[in-house]
Amino acid sequence: MHSSLSAADRASRRALDARHRSTAIATGAACAVASLLTAGASQVMFVLVEGGDLWTPSLVTTAVGLNVVMGVVCGLYAAVNAWWPRGVADRDTLYVRSTRALFVVTQGFCLGHLHLAGSHSSSVSLVLLAQVILMRFFLPHREVWAWILFAWASAVALFALEFAGVVPYAPILSQHDYLRQVYLDGRWVLADSVHYFAVSLPLVWGTGRLRLALEARQDELEERVAERTRELEDKNERLLASIEETRRTTSALLLERDRRMQSERAEVEMRDALDRARGAALLGELAGGIAHELNQPLAGIAANAEAARLLLDRQPPDLAEARQAIVDAAEDERRARAVINAVRALAQDQPIERLPVDLAETVTRVVDLLERTRPASKVTIVVDRPDAPVLALGSEVHLSQVLLNVIRNGAEAAEPGGTVTVTLAITRASAVVRVEDSGSGFSTHALEHAFEPWVTSRPNGMGLGLALCRRILQAHEGSITATNGANGAVVTVTVPAPPLPPSAA
Amino acid sequence: MTGTTPVVHLVDDDPSVRRGVGRLLQVRGYTVETWDDPRAFLAAVPADPIGCVILDLNMPGMDGLQTQLKLAALAATLPVVFLSGRGTIASCAEALKQGAVDFLEKPADSDVLSTAVEKAFARNRDLRAAAALRAEADELVGRLTERERDVFRLVARGFTNSETADLLDISAETVKVHRSRVMKKLEADSLPDLVLLAVQSGLA
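Respectively, the protein sequence lines represent chains H and S. Just so you know, we're using our numbering here: the first sequence kicks off at 126 and counts up by one. Just so you know, we're using our numbering here: the second sequence kicks off at 57 and counts up by one.
None of these hints come from the bench; they were simulated from the model. Heads up, a few of these hints could be off.
[As the list claims (entries may be wrong)] Some chain H residues close to chain S (C-beta under 10 Å, calculated; not the full set):
no., residue
1, L419
2, L423
3, A430
4, D453
5, L495
6, P621
7, P623
[Unchecked claim] Some residues of chain S that are not near chain H, with every Cβ distance over 12 Å (derived):
no., residue
8, E161
9, A164
10, S166
11, E195
12, E204
13, K240
14, D245
15, L250
No residue lacks a Cβ here, since even glycine has one placed at the ideal position from N, Cα and C.
Use the sequences and the hints to build the structure in full.
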């Protein structure tokens, strides 16, 4: 308990202990002084009545001696109360018991006076018995003042009864007639009462102070205990909260870890599944694309054929419109055939015969062809070529197809009035053709998927051109890349150069 | 796009389809308008269109499902028939969930297409009739004050005058007065008329 007290608690306890100690000392001292003073007063009174020397030994002197003993007892009481080991409960009990003991001692001495003075043994014994019974069983321990008042009153009552002759009065020491005289004329009674009262007063005062001090300490302690309890409860609550918080955090972390592990596992599984599915998916994608590309013209053919039939069934038949429907159906059929041809070209995997090809010449021919077949186009095609031939190792037919595709794409992407710039260059091991148009460039999506089949940015494009180009260049061990340049889309075609004789470098 | 003749709007980016299917529908007697761009179609669609729309699923710029959603916000009474060359089960389910009348594969049989268009026309008629009723009911209910509307709603739900009075914390007498005003304003002769109006206006 001590160790758990705070510094403030300990300081408060020290202050209370000091108060308690001083009160105890003051009480004991006051009782002792009162005993001595009243004993002295009795002796003076005896000398005045009987005459003779103040120091003459007498019965009263015996009483004075008893009072001195009593003063010592009071001093002991004070000392025991002041320096008893610490501990509230113990001190409280000690206070009650020692006060009671002090009282009994005081009573004993006072009643001894009575006996000496001539009261009958039986009356004194009865009064003492009544006092002890009342004290022990009827008056609260702490109400010492009430004991003292009672004791005093009972003694006075006994004197009064004796004086009135109601109670037998038989001095033990009958040779001292003076006692009888002074006693009976009331002076002794008065003196003894004063004596009694004088001893009682400091006792009442001291015990009252002590009680107040103890109660104050009790209250303060209870308050402190309550406060400490609150603090502890508070701390406990915070601790519980923090434990709960930790628990939650921990479980959240565990959950997070589980989740992450699970998602990693899922990712690995998904990758495997993707790898497995990729082949199948590519096939499915290709098939789906072919189906879509064919279904459009087929829908046109079917609808036109049905329309033509209905038109011919009319009375009279609408021949002109039926004819137009058939012409449109034939056009759709051509479109379907083109799709099939493109797919077939993509699917072909024949070995390519590779010979040195001058890409500069190929580009010139392709541009000529484009300008002839697209006379309405308002796009200017600029060719920037070195004077030397730009030699590549490959199949001229296939490479023409690649260049035609790429340059036509550029021409279609460029706005009317725009330009397509074709730049040819030779690096150490390759021939490079860079085609830049002045269009809007590739979107992010288009950049990522530019070479996949069925991906197109043109309204009626099939999305096979660049896929076919990539396939051809793969067969040539070359490459094709798409980026966005300063003006628009840039497509770069790289074809390995033939091992050159020094003269051609 | 005006008048009372139902119009089939054919929205498809593919010229073969527009030409062929458009002609076939015309030959079968429908008034057809073709659109190569769904955005142009959405920009031109009137508030209360008569007819239906045939939508392609895969179109550059805005696909068929997106177009369907936009259309529902613009002109909810125009039913949608999908005509797709590359439909998936997922897109088909989505289209039907979004209220499409039918989901056809290209090339679609002429009779099947025609049936779908007829079904869409019927749906269009129903939706327009319901919308007209609702508009009429809304117009009538709009005449009521707020308190009268409260009374109307509770009475239409079958609460008695005294129950309505308790719920609205007013006296039964007041409810009676409100109720007779409601009947008058809504041009209703009986309680069933009131209930019908409440249902049509979506209040009950």
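Evaluated hints:
Checking H/L419 against chain S: minimum C-beta separation of about 8 Å stays under 10 Å; hint holds. Using the Cβ-Cβ criterion of 10 Å, the hint placing H/L423 at the interface with chain S is satisfied: the shortest such distance is roughly 5 Å. Interface restraint check: H/A430 against chain S, minimum CB-CB distance 9 Å, threshold 10 Å, status holds. Contact between H/D453 and chain S, as hinted, is supported at the beta carbon level, the nearest pair being about 5 Å apart and thus within 10 Å.
Below 10 Å, beta-carbon pairs count as interface contacts, and H/L495 has none with chain S, the closest being about 23 Å; its hint is therefore violated. Look at H/P621: its Cβ only gets to about 37 Å from chain S, farther than 10 Å, so that hint breaks. Annotation: interface hint on H/P623 violated; nearest CB of chain S at approximately 42 Å, more than 10 Å. Not every CB of chain H lies more than 12 Å from the CB of S/E161, the least distance being 8 Å, so the non-interface label is violated.
Under the 12 Å C-beta cut-off, the non-interface status given to S/A164 relative to chain H is violated; the minimum distance is some 7 Å. Non-interface status of S/S166 relative to chain H is broken: a Cβ of that chain comes within 12 Å, the nearest being about 4 Å off. Listed as a non-interface residue, S/E195 keeps its Cβ farther than 12 Å from every Cβ of chain H; the least gap is roughly 44 Å. Distance to chain H confirms S/E204 as a non-interface residue, since its nearest Cβ pair spans about 54 Å, more than 12 Å.
For S/K240, the shortest C-beta to C-beta distance to chain H comes to about 58 Å, beyond the 12 Å cut-off, and the non-interface label holds. At the 12 Å boundary, the C-beta of S/D245 stays outside the reach of chain H, the nearest C-beta of that chain being 53 Å off. Interface exclusion of S/L250 from chain H stands, the closest Cβ pair being 52 Å apart, more than 12 Å.
The earlier numbered hints that this structure contradicts are 5, 6, 7, 8, 9 and 10.
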